[in-house]
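Asks: Here the protein sequences come in this chain order: A and B. Take the first sequence: its position 190, counting from 1, is numbered 190 in the working numbering, and each next residue is one higher. Take the second sequence: its position 26, counting from 1, is numbered 1026 in the working numbering, and each next residue is one higher.
One or more hints might be untrue.
Chain B regions said to be covered by chain A (calculated; three or more residues, Cβ under 8 Å) [what the hints assert, rightly or not]:
1) 1023-1033
2) 1057-1066
3) 1148-1160
4) 1180-1187
5) 1237-1248
6) 1270-1283
Read the hints as simulated data drawn from the structure, not as lab findings. Please read these numbers as outputs of a predicted model, since none were measured by experiment. Beta carbons: idealized from backbone N, C-alpha and C, even for Gly.
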Amino acid sequence: MFRLNRAQAVLVMAVLVLWALMNLFPILVMLVSGFKSTVEIFTNPFGLPAKWTMINYVTAWNKANFALYFRNSVLVSAFSIAGIVLVSSMAAYILARYEFPGKRAVYLYILAGLVLPARLAVIPIFLLMRDLRLINSLAGLIVVYVATNISFSAFLLINFFRSIPMDLEDSARIDGAGSFRIYRQINLPLLRPALATVTIFNFINVWNDFFFPLIFLNAKDKRTIPLGIQTFFGEFAIQWDLLFAGLNIAIIPVIIFFLMLSRQFIAGLTEGAIR
Amino acid sequence: MAHRTLRSYGFLLMLVPALILYTAFVAYPFLSSLILSFYDWPGIGPKKWVGLANYANVLGGVMSKEFYPAFAHNILFFAVSWLESIIPSLILAFGLAAGLRGTNAFKAIFFIPNTLSIVIVGFLWGLLLNPQWGIINQTLKAVGLASLALPWLGNMNTALVTIVTVNSWRGMGFYILVLLAGIVGISREIPEAGRIDGASEAQIATRLMLPQLLPHIATLTLLKAIWSFSVFDIVFAMEGSQAGPAGATDILGTLFYRIAFGGLGASQIGMGLGASIVTLTFLIVFPVSILYVVVVERKPGKGA
């Protein structure tokens, strides 16, 4: 887009590098601290550890319940994302491809959820969950995540569906394929980049969410990682080594997951998923 | 005939799971919350109809002493985070659009903070901002700005702005990428024409391309407004449900949490009272939301 001379390019590069460092430095401090002893965290907070140790992770995993929190977070995230992708891609497909009376009303109804922060309605959701005996239940939490992420995911996918040409679909229809088969065999494979975007967005939201677990989960054995960490601050505030190991157990999966899919994700985002 | 119509609309079945879940856990709760706000109800036992008493309490009664400051803090949250997010994001997005070496890596790096839980971000910055040994104050002292080495999160004047800044740090990547999408979407003829007219690259960016980005900036502004009025996690993570010091960081989200779900130091509790705070928040967010839907719908290629 721009034609920069050498001095300008150096200036732009300097700004980009500076911001990259401001992004990475706090995270690197956190990652490295997980390999230090408590004494070293304080005497040498920003340097590399004299001796790298894994013992913090072993203790956090075995003694500070992190194995359990991790398992809960993995279960909740995996089932929520599967549910969100399935439910919202089907809805998006119908809303992008089919004509029926009242379609625009349905579209706007679902679009409204894009901007209604679900947490504002948390009291009735809490009461509904209580009546359905879904408090302290990971399944209940999953249902809430699927429901509250439909709007955003469907909205992204509708835009992507519209960018897929209709030709393939038309010829499949002529060959007698039904709606669901066309959706599954023709549209889903083409939607891959879009599904990567939806998956990452939802994984970040669900994996990191603190609010709904705070409200819906009281039992210690049901805690997800963010809630576990919040309580960990209180219980282990003096054991900084364990705390940092716990933080790393929480952040490493999502960072790896993001970096693995980042190219598709960024392409999805910058090709105008959100405008 | 009826049978035939039913069959030809069979595809609608694929819409049903989304509609049921969305209605039960999103749409209905909003309505239900509105109704609840007219009742006095501790969460169990019979509900007592009180009409507008909860609103009178929040807007003019005992709770107003907590409501108005919290509301003002949300407005400040929005204003500060807008300035902190949009302007630097624009600069960085233009920087990425220059297409220098490593651009793809920068895009990924800039988004990494977005992938962290707000609870963790809050804790991490709590450490970096620690008054005694945090790196922020250490650095300020080292460069001779010891007078600026404040207890950022413990000082009533700086705590909220500090929290907003931490929140902006986490969220920038999203703003940068959306603005970059906008820049990439601008026709190449615009900078070309500018160059023929002798405009500098900086002028091309600010005078020719920036106006083209206004719709994107509008969208992000509306999203920022919606998020700023429903914010909760970052304050809860950094200052607890009390939103200290002395309520200096209290926002509608923490106020609501104390009232509806107890927590320490709630001056009054009740589901109905909490619901009235939510309804008032909703009254602020709703017009912005409508505006957002209109803006999104107006864009070419959108709309059902």
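Asks: For each hint, tell me whether it holds in the structure or not.
Replies: Results of checking the hints against the structure:
1. 1023-1033: Since 9 is at least three, the answer is holds.
2. 1057-1066: violated (count 0)
3. 1148-1160: violated (count 0)
4. 1180-1187: holds (count 7)
5. 1237-1248: Per the Cβ count (1), the hint is violated.
6. 1270-1283: holds (count 6)
The structure does not agree with the numbered hints 2, 3 and 5 stated previously, though it agrees with the rest.
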